[in-house]
Amino acid sequence: MNDSEQAPLISDEGEVGFVDYQDFVSKEPFQFVSGGSIPELTLRYETYGHLSAAKDNAILICHALSGDHHCAGVHGIEERKQGWWNFMVGPGKPIDTTRYFVICSNVLGGCQGSTGPGSINPATGRPYNLDFPKLTVQDMVKAQSLLIDSFGIDRLHAVIGGSMGGMQTLQWAIDFPQRVGRYIALACGARHTAQAIAFNDTGRQAIISDPEWKGGNYDPQEGPAQGLAVARMMAHITYLSDVGMESKFGRKRRSGDQSREHFEVEFEVESYLRYQGASFVTRFDANTYLYLTKALDRFDLHSPESLDVTLQAVTAPGLVVGFTSDWLYPPQGNREVVEALLRLGKDATYAELAMDFGHDSFLLRAPQLYELMHRFLSR
Amino acid sequence: MKAIDKKRQADFQIIAHWVNEGDRVLDLGCGRGVLLEYLKQKKSIYGVGVDIDLDKILSCVKRGVPAYQGDIRAMLATFPENAFDRVIFSRTVEQLEDPDAVLAEGLRVGRRVAVGFVNKAFWLNRLNIFLKGRRTVNEVYPKPWYESLPANPFSVAEFEDYCDARRIVIENRVFLSGDWRSECSRFPNLMAGYAIYDLASID
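Just so you know, the sequences run in chain order A and B.
If you read the first sequence in this note's numbering, its first letter stands for residue 1, the second for the next number, and so on.
If you read the second sequence in this note's numbering, its first letter stands for residue 1001, the second for the next number, and so on.
Quick caveat, the hints were computed from the structure, so don't treat them as lab data.
Errors might be hidden in some of the hints.
[Said to hold, decoys possible] Listed below are the simulated DSSO-like cross-link pairs for lysine-lysine, each with C-alpha atoms no more than 27 Å apart in a straight line:
1. A:K134 to A:K346
2. A:K214 to A:K294
3. B:K1043 to B:K1007
4. B:K1007 to B:K1143
5. B:K1002 to B:K1043
6. B:K1040 to A:K346
7. A:K55 to A:K142
8. B:K1143 to A:K346
9. B:K1043 to A:K346
Please model the entire structure based on the sequences and the hints provided.
Right under this line is the structure:
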């Protein structure tokens, strides 16, 4: 057909600019789904835009495994790196901060300011470490709901997230149907494939077998840096794709071909991954990595009942987006969620973007994703 | 509405007439979701569109029509029997890779199936081939063969033969003349420019 509808050009975009994080503190004991509790809880979060008087314009963004609450803007003039979804969030962007009040919080169990295994247990005065209760995606969502309560927001205009954030998004739609106006889940699925669990466990084993892990009771200044770096390197490969890596690195060599040591960095891709591993260690906690990956492996909308039973609770219209080159959370897993929603007569849309950059495609600026989010949020 | 849209939407009213209030409708090859939007307004249906093209899905999202991007046959396979009251193929069958299997799936998933198609044996099409040796180019199909999607067009007579062979029940049929507007009833295989069938399984 030749009846292309002219896509409206996105008008002038702005930046959210300087942002600061806040801490939400709940002094109430927090009960975990699989048992166990903590006496109090902190969630670190950022907000952009303004909450309307009717408190009906809030969007919650859920971050991925290695992400955090800082999804847009910069913290200071020195900081070169913008928030992880800066191109998506801001004035005139699909998640338009002139219209919406955007909230993004570091998850429960995280290590960027929210209560997690590395936090001090008030009962003992020492870090929880492995005494931190078993964590699930449901717990993350329940904790976020307390944060949303603290704003006096009954119903979110939308919940949005990719990867682990997508799973939280689906969990929101299931656990709090009355509070979700619509949802967008990107690059996720109803549960991990055996392959995804296998990769996660290999990462966990790299951490656990590092002698510096010390049964989880490492000094926060030290810890299993080597194990965590290897876990991150391997996980990072699963976020990319063969084609993406080939086009980005190919067989490019670091400095000619003159590495003197046999196993020194020789190829660009080695250098890139080692850098990813090394820089991850400076911002991420090993025990958090263990807890979050385990929470993801356990996440399963097919259980205890079938997917069609689990999703029965959903009432909000949803958009699920798969990415063709994503081999960690392949399109099939995303599609399956929408197929079940449609079997149940729900308002759900499935779109599949042909992007080369694997699982991390949702973090890249692409006109089609832009357009999709923009249209779904403003429809 | 532009004349071309009017022609493109030739089967809307007829299909809308067959659809019941509040039906669950599946539109296969839904394009930009215009038919589903129309049915939603006219008959308060629950509708889902399927299309392979992201650009079309984007338009559906804009219209607020739930849509599924993917392969029709694979998608149908995930639904139980009679999951929908009505399955629609509007100018879709001619572009299917395995029309026989997909129509059978449509009849399994839907209680009733509407099929709208351009009649290959329409007199003007015959004349163009006979006299000019060229296929008909019109406002709905303006592109030359080398810029068009692969198509497997068929005639009213061929479709009737097919329904007969597969023991598909034809509940209703409507033929439109060359303008795709006025109904025609005589010699449809020759006189109909567009045909719309309302089908059901035998039991």
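Taking the hints in turn, this is what the structure says about them:
In summary, the hint linking A:K134 to A:K346 is not supported, as the alpha carbons are separated by about 32 Å, beyond the 27 Å threshold. For the suggested pair A:K214 and A:K294, the alpha carbons sit about 19 Å apart, so the restraint of at most 27 Å is met. Simply put, B:K1043 and B:K1007 have alpha-carbon atoms about 22 Å apart, close enough for the 27 Å limit, and the pair holds. For a cut-off of 27 Å, the pair hint linking B:K1007 to B:K1143 stands: about 16 Å separates their Cα positions.
Distance hint between B:K1002 and B:K1043 is fulfilled; the C-alpha atoms sit about 23 Å from each other, no more than 27 Å. Simply put, B:K1040 and A:K346 have alpha-carbon atoms about 15 Å apart, close enough for the 27 Å limit, and the pair holds. Between A:K55 and A:K142, the direct Cα distance comes to roughly 20 Å. Compliance with the 27 Å bound is thereby established for this hinted pair. The suggested pairing of B:K1143 with A:K346 is violated, with an alpha-carbon distance near 38 Å, which exceeds 27 Å.
As the CA atoms of B:K1043 and A:K346 are separated by approximately 18 Å, the hinted pair is consistent with the 27 Å bound.
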